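Participant: One-letter residues, chain by chain:
Number of protein chains: 2
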Amino acid sequence: MSRYWSSLVEQLDPYVPGEQPRVQNLIKLNTNEHPYGPSARVIAAIAAANNDSLRLYPDPTSLELRQVIASRFKLTAEHVFVGNGSDEVLAHVFHALLKHDAPVVFPDISYSFYPVYCGLYQMQFRTVPLDENLCLDVEDYIPDTGDKASAHAQTGGIIFPNPNAPTGRGLELAQIEKVVAANPDVVVVIDEAYVDFGAESAASLIAQYPNLLVVHTLSKSRSLAGLRVGYALGHPDLVQGLDRVKNSFNSYPLDRLAQAGAIAAIQDEDHFERSRQAVIRTREQLTLDLGLLGFEVLPSQANFIFARHPTLAGEQLASMLRAKNILVRHFKTLRIADYVRITIGTDEQCGQLLEACKEILL
Amino acid sequence: MSRYWSSLVEQLDPYVPGEQPRVQNLIKLNTNEHPYGPSARVIAAIAAANNDSLRLYPDPTSLELRQVIASRFKLTAEHVFVGNGSDEVLAHVFHALLKHDAPVVFPDISYSFYPVYCGLYQMQFRTVPLDENLCLDVEDYIPDTGDKASAHAQTGGIIFPNPNAPTGRGLELAQIEKVVAANPDVVVVIDEAYVDFGAESAASLIAQYPNLLVVHTLSKSRSLAGLRVGYALGHPDLVQGLDRVKNSFNSYPLDRLAQAGAIAAIQDEDHFERSRQAVIRTREQLTLDLGLLGFEVLPSQANFIFARHPTLAGEQLASMLRAKNILVRHFKTLRIADYVRITIGTDEQCGQLLEACKEILL
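Protein chains in written order, with the working numbering: chain G, 494 to 855; chain C, 494 to 855.
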């Protein structure tokens with residue numbers, strides 16, 4: 494606390510990212526990074542951009558990158574907004590599109606940055622509980638038709654991840670569409686950070702729904718957490734609103750190397766396909782193996798699993814694994830304190846995790 | 494305008510950066526980039542970081558970079574805040590430290606992003622006119638001692654660049670200190686984007702004044718506009734306030750390559766010294782040469798000059814130079830519409846500019 498802080502600062506409850514250890518030789522299954530590196534074309538593109546041209550500002554509009562992304566989704570560059578990681582994109586989304594007189598709505602168990610953004614932009618929010626199986630019930634996001642006006646008045650916007658984090662549970666596209674169609678007066682944001690590991694993207698619905706915004710990141714399925722690139726897809730009106738906020742904050746959010754690397758990453762569909770399939774295979778095997786050890790593992794469509802053991806509290810398990818140099822993530826949040834979130838590593842890393850669990854449970 | 498925008502978005506008047514042309518073979522003297530490339534050590538450091546480790550998140554605290562910066566200024570890492578370009582740093586400064594009940598104060602002719610930030614965070618501001626010579630008079634920023642309580646109540650914070658942009662005029666350190674000392678109840682931000690080209694940094698005053706914040710960028714004197722790194726130096730309480738906002742916005746603003754490159758840039762004092770001295774020499778020569786053509790050139794301590802000609806309006810000159818493939822910057826702002834801002838290029842580029850001016854004035 495300092496008298497120089499704006500009144501806002503004191504009230505903030507900042508987001509706490511997973512530990513980024515400085516020591517080596519840890520098995521790092523705590524921040525949902527990809528176990529395999531990025532495409533060789535990414536490394537080559539960055540190398541080609543690493544020269545005297547760094548003295549020049551990057552393209553403030555990231556036009557070429559936006560065109561490459563657009564073409565992958567059969568959209569135009571006017572449908573694409575890019576930012577310095579999807580966290581920055583989401584921040585601008587809250588500020589530009591979800592801040593209204595009524596509260597923004599999201600699940601009680603979800604990405605824990607959402608309430609933080611609300612704090613930053615002094616927005617009200619309302620959380621909707623997941624059901625007893627930690628599933629998102631889309632009916633909870635459908636305004637009551639008998640009382641439509643009042644239901645509408647109570648919602649400033651909707652956001653949830655698909656698949657959800659940290660549960661890994663996904664929704665079918667028809668269910669997502671139901672929510673988007675039933676809320677035409679507010680923006681519905683589908684946060685698809687993990688969608689490439691088994692769920693279906695709502696990007697195909699963008700041409701039909703001007704209130705739909707889909708957010709992606711290159712940090713997960715493109716193996717580029719270290720490069721900081723995320724993007725949003727939506728109607729050009731939504732993108733224009735985001736642009737106005739971005740251009741009032743930072744003209745050049747993506748540096749030259751990030752733009753070059755991101756373009757190459759999106760273009761290498763083969764590498765993308767191979768490496769995400771490898772993660773999916775390992776996830777399915779790990780789910781089976783942990784089940785044999787007595788773990789309850791939620792069905793996951795992400796690059797992590799959410800699991801609990803009947804005889805061992807989540808916090809205890811996480812700390813015992815930490816003692817064996819394996820990092821997993823535990824949330825002290827009510828309802829999910831029993832669980833740990835385990836990022837899918839290489840087969841070898843997951844094998845070591847299994848061995849460690851066996852020793853702990855002996 | 495869209496019904497999905499938050500009420501804020503419509504009111505915004507976003508910043509417009511200088512043109513980043515997509516065509517080649519232009520002489521680009523419009524966005525104050527450095528005419529010489531970054532240190533070879535920067536290129537080597539980025540090359541060394543360009544590998545599979547890009548799959549991992551960067552250090553969210555940029556600790557090593559902050560330590561390297563701190564040591565250059567004989568401070569500690571707790572005195573250093575880093576961001577994705579100094580524009581992002583400034584945005585957080587407005588939000589975290591300058592947003593109070595009273596208006597933030599800055600010069601009428603200054604960095605045109607300041608009022609944009611005020612729009613974004615819905616802050617009041619008051620501009621103080623530069624004098625008739627486009628000089629900043631520090632007396633205008635000293636509260637009236639006879640009426641101290643009311644003067645204080647009228648100021649939420651103070652920010653100005655030193656040297657000022659787009660005039661290039663600098664203030665002496667004693668003058669800066671006078672403003673900082675006379676306003677102990679609010680934060681005084683000295684935006685030193687151009688300080689390395691001839692002005693004196695207020696960083697040496699930080700140990701004495703808990704209300705002083707100094708903002709630097711690697712875009713100008715470190716030749717890294719394309720890498721997006723900026724930082725602020727100040728009392729740890731101020732840095733902590735900035736951290737709280739940053740951690741409520743984006744945990745990882747600096748990617749792995751940017752952190753690696755920035756560390757190398759700060760460490761190469763020789764390259765820094767040589768390349769900034771080259772710019773200063775060229776500036777002094779260009780100032781003389783334009784004077785001989787009848788231009789009035791303000792004395793500059795920056796990597797640009799601000800000049801006008803008695804027979805040619807600024808807008809006309811800029812557009813005639815554009816026709817000759819030379820970009821300079823013109824502002825339509827009242828009081829300075831007669832001027833053009835010319836970035837210091839290489840000696841050859843400045844020679845071509847002079848030739849073009851001669852032809853235009855013939």
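Incorrect hints may have been included.
No copy labels: a pair is met if it fits in one copy or bridges any two.
To be verified - Derived lysine to aspartate or glutamate pairs resembling DMTMM-like cross-links, with alpha carbons at most 25 angstroms apart:
| hint | residue 1 | residue 2 |
| --- | --- | --- |
| 1 | Lys567 | Asp633 |
| 2 | Lys521 | Glu625 |
| 3 | Lys851 | Asp545 |
| 4 | Lys825 | Glu512 |
| 5 | Lys521 | Glu503 |
| 6 | Lys671 | Asp552 |
| 7 | Lys567 | Glu841 |
| 8 | Lys825 | Asp840 |
| 9 | Lys817 | Asp552 |
| 10 | Lys825 | Asp678 |
Rather than coming from a laboratory, the hints here were simulated on the basis of the structure.
None of these values were measured; they are calculated from a predicted model.
Participant: Determine for every hint whether it applies to the structure shown.
Facilitator: Tested hints:
no.	hint	result
1	Lys567 <-> Asp633	neither (31 angstroms within a copy, 56 angstroms between copies)
2	Lys521 <-> Glu625	neither (30 angstroms within a copy, 62 angstroms between copies)
3	Lys851 <-> Asp545	neither (53 angstroms within a copy, 31 angstroms between copies)
4	Lys825 <-> Glu512	within (15 angstroms within a copy, 49 angstroms between copies)
5	Lys521 <-> Glu503	neither (33 angstroms within a copy, 44 angstroms between copies)
6	Lys671 <-> Asp552	neither (38 angstroms within a copy, 40 angstroms between copies)
7	Lys567 <-> Glu841	neither (38 angstroms within a copy, 46 angstroms between copies)
8	Lys825 <-> Asp840	neither (28 angstroms within a copy, 62 angstroms between copies)
9	Lys817 <-> Asp552	between (46 angstroms within a copy, 23 angstroms between copies)
10	Lys825 <-> Asp678	neither (35 angstroms within a copy, 39 angstroms between copies)
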